[in-house]
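S.K.: Protein chains in written order, with this note's numbering: chain H, 4 to 352; chain U, 4 to 352; chain A, 4 to 352.
Worth double-checking, as some hints may not be accurate.
Just so you know, same-sequence chains aren't split out, so a pair can sit in one copy or run between any two.
With a cut-off of at most 20 Å between alpha-carbon atoms, the simulated SDA-like pairs for lysine to any residue come out as follows [what the hints assert, rightly or not]: (1) K232 <-> D321; (2) K335 <-> E296; (3) K137 <-> E57; (4) K247 <-> D321; (5) K123 <-> A278; (6) K241 <-> P323; (7) K247 <-> V87.
In case anyone wonders, no lab produced these hints; they're calculated from the structure. Owing to the predicted nature of the structure, the values given are computational and were not obtained by experimental measurement.
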Amino acid sequence: MTKTNTGNFFEDFFLGQEIVHATPRTLTEGDVSLYTSLYGFRHMPQSSEPNAVELGFEAMPLDDMLAFHMVFGKTVPDVSLNAVANLGYAACQFGAPVYPGDTVRTTSTVIGLKQNSNGKTGVVYVNSVGMNQKNEVVLDYVRWVMVTKKDLDADAPETAIPNLPATLDVDELVIPEGLDFSNYDTDLSGSDFLWADYEIGEKIDHMDGMTIEEAEHQIATRLYQNTAKVHFDQFAAKDNRFGKRLIYGGHIISLARSLSFNGLGNAFKIAAINAGAHANPTFAGNTIFAWSEVLDKQEIKGRSDMGALRLRLVATKDHPASDFPYKGEDGKYHADVVLDLDYWVLMPR
Amino acid sequence: MTKTNTGNFFEDFFLGQEIVHATPRTLTEGDVSLYTSLYGFRHMPQSSEPNAVELGFEAMPLDDMLAFHMVFGKTVPDVSLNAVANLGYAACQFGAPVYPGDTVRTTSTVIGLKQNSNGKTGVVYVNSVGMNQKNEVVLDYVRWVMVTKKDLDADAPETAIPNLPATLDVDELVIPEGLDFSNYDTDLSGSDFLWADYEIGEKIDHMDGMTIEEAEHQIATRLYQNTAKVHFDQFAAKDNRFGKRLIYGGHIISLARSLSFNGLGNAFKIAAINAGAHANPTFAGNTIFAWSEVLDKQEIKGRSDMGALRLRLVATKDHPASDFPYKGEDGKYHADVVLDLDYWVLMPR
Amino acid sequence: MTKTNTGNFFEDFFLGQEIVHATPRTLTEGDVSLYTSLYGFRHMPQSSEPNAVELGFEAMPLDDMLAFHMVFGKTVPDVSLNAVANLGYAACQFGAPVYPGDTVRTTSTVIGLKQNSNGKTGVVYVNSVGMNQKNEVVLDYVRWVMVTKKDLDADAPETAIPNLPATLDVDELVIPEGLDFSNYDTDLSGSDFLWADYEIGEKIDHMDGMTIEEAEHQIATRLYQNTAKVHFDQFAAKDNRFGKRLIYGGHIISLARSLSFNGLGNAFKIAAINAGAHANPTFAGNTIFAWSEVLDKQEIKGRSDMGALRLRLVATKDHPASDFPYKGEDGKYHADVVLDLDYWVLMPR
């Protein structure tokens, strides 16, 4: 029996299967510094301990997307080592904030399976849950990936497609205990615009561009202990259809989120991701731009200190976002669009 | 009203204007590790906690230039987003040492204004002050930048040029409380040469060269949350007069300072920067060399454990420093000179 | 007298010479994060604090190779600044685990000298010892390097070649106090294979490849405060026989060790390095692959929780390791082999 992990193939998954992922990961201030240095992240509560504590955080929290990458990275060796495509995310709820010193681990349950008609691949739906050392849920989400079959003669499983919400309702958002955004300082946060200032339908060009280097995305992706081969091996990549290493989609999410500071400087707390698509691949040398649209705006029951905004975050490559590139009349993404993320933030009022 | 920060233009500044900069920044051991990894910094008190404590530091201090970059970075979105040129620094005094766990924030006051005769740009003088969470000053300096006007019809402000010292006097240097360099270990510091061993006029070739990669200066500059667009966006840079991203001048200061360990291994504590010029731009691929000249040497009143050296630190690109390149007979910098920094250090005697 | 360190030349060394190396180095969580981000290191006890503590570690230990690089880096300015070649390692014993917060310093003793017949170079054998702030040995090893003479007329020293073991005996391995691998969780570690599952002679292809960027190896090597010029200065390197910067051999060891997780996921604790050769140089752009062979398998006296495996770790460049490239019939390394490391690990049973 081979001692190397060749990953699970489509026929290895079964409905209800529970997977305990290796390796738990203790997150530290070192991870935070690297995150800042890779994306220029600069939201106040994630940059300044005293300001974080003033808002009810126990300490300076990690950016929610850093927590996401750490939880996600664990699933790769078991779920997507033989993935052809990462098809989507849904119902992604952030729970307890993650602080330096916390240890995060991930388990997944297979909640859906569908073999493709070609008989060579199939779609696997997993519900992955990240927990901290106190057994609090920090992240709970569904993703589905297209995975190759190794044994083409293996029986197709019974098709089961989970019922996934297009978007989470504002009432389903988790408000971490103790948070109180009443005394929010907009001088120190770098943006004057609070929840009340945003209107549904409003679009914001985040203006700045950031060019990605090979060393940067590799450093990021290894930090997350994400082992997907396509990001690291140029010897193999020279023969793929692009001739290049592909950049981890999550790297683009964090870049676009950091760029969105310029226009959404107070949108520091992600509550949920409703949906996400990596519309086109990205490569070293691409310059990433971003724009946002306010999709929804909701009060939060019983809270006068914060409200919820549902945002679309779109990232582009080598295409400044002032013309808000998105989809064509055929419903297909513009070739320069690389990310379409639909998410909820909690924002000071 | 646009929600994105387009920065202040020359006509937006007024004399006496006070600016509270976002975002406060809690500095950590992670930042220190990145700094070491980007520059090879290896002065003893900044590398070894027990040795730092033995010299009277509360803990392992950050290199003063790392503190400088963090304080400086905050000012960019408000002061220099529309800068054409960073013209100079003066009267830069370092105060309380910065330790991991400290939170630094920056405020600036406009102390001078002068519209240029072309009517399109003007010079803004700001006095920026970085404070820690105990409201101790960690850095107090003046810089002046040339900023574009947006509205060319805006009235020119009354010209006011601050009176700036060419150099700080040794009596103006801040000696942080508690420091005592009496028991300094030159075996462990890596250099035998103390304050008494240096002579005014002495020049030192620091010998080593270091080549800069795009990923490195981007990682550094984002770590400092410096948002100047010219450092990150190759899509825009391809159309500038260089066709390339420019490297943050402070990156060169830290590189040259780290190279200067070889010859100035005990010059670990910067007390002041008298003046600084980024003589020529630098780009990825440049190899940086450095040399120093001892400009002055002063006893410090009442201290037998330390003395002050005033040093000129010159960095070059793609030009080993053994011939001490500096200025031509016309008083202009040699084309390979990229940094001219005049600063005071406190050094064990 | 020049104030810059030009390093020791062959004639500067003498038998019994003791060298105190600068600079002590306090290791932090920031160093660990960088190490993870540079190599994708993901062994459980080095990634997860609670799991490390469960195994008897005081905290989350650094990877032994990170400790090695830090101890080794200190010796470069004194031992190998004028080295022509790093010839070998022997008798490398790891002692007390290194934890974030520990301060490591290095001293060396010259234990062997032999001038080469050409009269221009000689071989220097040093025994280097890394100690922590509690004066516990963390690493004790011998390396030998070929160093140039500066003064060709200097007398040759009496030849003295130390008696070095080809391999350490299992009884010589240091088992850090308090370790107990009884409750080892293979679900969370990411590999089902324990000590008993490996057979002498077994070969494992670690499958994954990782391409090295200039920024990555420079960041790593500076983190270790290793000042060898050949890794950083492209201006000088353009005229060497490769026209390129050489990558620090230790960078390849850590890369190969991280790749070896896939097949040796529970080989987290290095006890000793018996021998090591950097068979061929590596450069940015190379993709590194690795394979291992089990050379020996020994019980450890009085321990039922762990056993010792002696492993050969071979790294290659631009050559997937499925054909286990090693040496030709002439006994010379295959041109694509870049590392041959013979080491002992302690592994849960």
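S.K.: Which numbered hints does this structure break?
M.R.: Hint 5 alone not satisfied by this model.
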